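Full structure from sequences and hints, please.
In this text, residue positions in the sequence shown follow the working numbering: the first is 76, and each later residue adds one.
Just so you know, these hints were derived from the structure itself, not from any lab.
Please note: incorrect hints may appear among the correct ones.
Stated by the list, open to error - Label pairs and their in silico Cβ distance ranges:
(1) LYS254 to THR193: 19 to 25 Å
(2) ASN151 to PRO231: 41 to 47 Å
(3) GLU150 to LYS171: 31 to 37 Å
(4) PHE141 to PHE189: 20 to 26 Å
(5) MET161 to TYR249: 24 to 30 Å
(6) ARG199 to PRO231: 19 to 25 Å
No experiment lies behind these values; they were computed from the predicted model shown.
C-beta: ideal position from N, C-alpha, C; glycine also.
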Amino acid sequence: MNVCVYGASSNDIDRSYIEETEYLGREIAKRGHTLVYGAGANGLMGAVARGVYEENGTIIGVTPSFFNVDGILFENVSELITTETMRERKQIMEDKADAFIVTPGGIGTLEEFFEILTLKQLGRHGKAIVIFNQNGFYDHLLSMLKETSDKGFMTPATNEIYTIMDNSDEILDYLESYKTDIGRVFKF
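Structure follows, in structure tokens:
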């Protein structure tokens, strides 16, 4: 299975996030899965890649050409795909992925999450989406999503097409047993 992991590119975060995400990467590789991600060397992107690399796993990195500067990209990817734009980068990551894990991150991570959530809501894919809620990082976002549906701005079923978990092993168990559910929210 190709597992796409979205996450922070910043190193200015608590070490516990990095350690847990490195562990996730090691487990992805140990279970024989391939990492698909944004090719970064830093933050949680770098952490998941280091974990996969430590266990001799396969890493597909996807990056826009303007990120190819010293220290930005993880040098030990199995395959590096270079794009011209961020949009192309996201499309390739989405296409190559069989499942998505959203680790803590900033606006880029949030934008990636909302895009794949929207596409699933619209029936464009049926792939698993897991929010990795390390240390309660996403508690406020999840509260906002609940309020959004409670107030009628989106269907409550949208909050049922992603899963919230806080344990790497349980996340991978879930992904390995996941059955595609395309078209569950809206039928066209």
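Status of each hint after checking the structure:
Here the CB-CB span from LYS254 to THR193 is close to 21 Å, well matched to the stated 19 to 25 Å. The given range of 41 to 47 Å is respected by ASN151 and PRO231, whose C-beta atoms sit roughly 43 Å from each other. Roughly 20 Å separates the CB atoms of GLU150 and LYS171, a value that falls outside the hinted 31 to 37 Å. Here the CB-CB span from PHE141 to PHE189 is close to 23 Å, well matched to the stated 20 to 26 Å.
Between MET161 and TYR249 the beta carbon distance is about 29 Å. The supplied range of 24 to 30 Å therefore holds. Remark: the range hint 19 to 25 Å for ARG199 to PRO231 is upheld by a beta-carbon distance near 20 Å.
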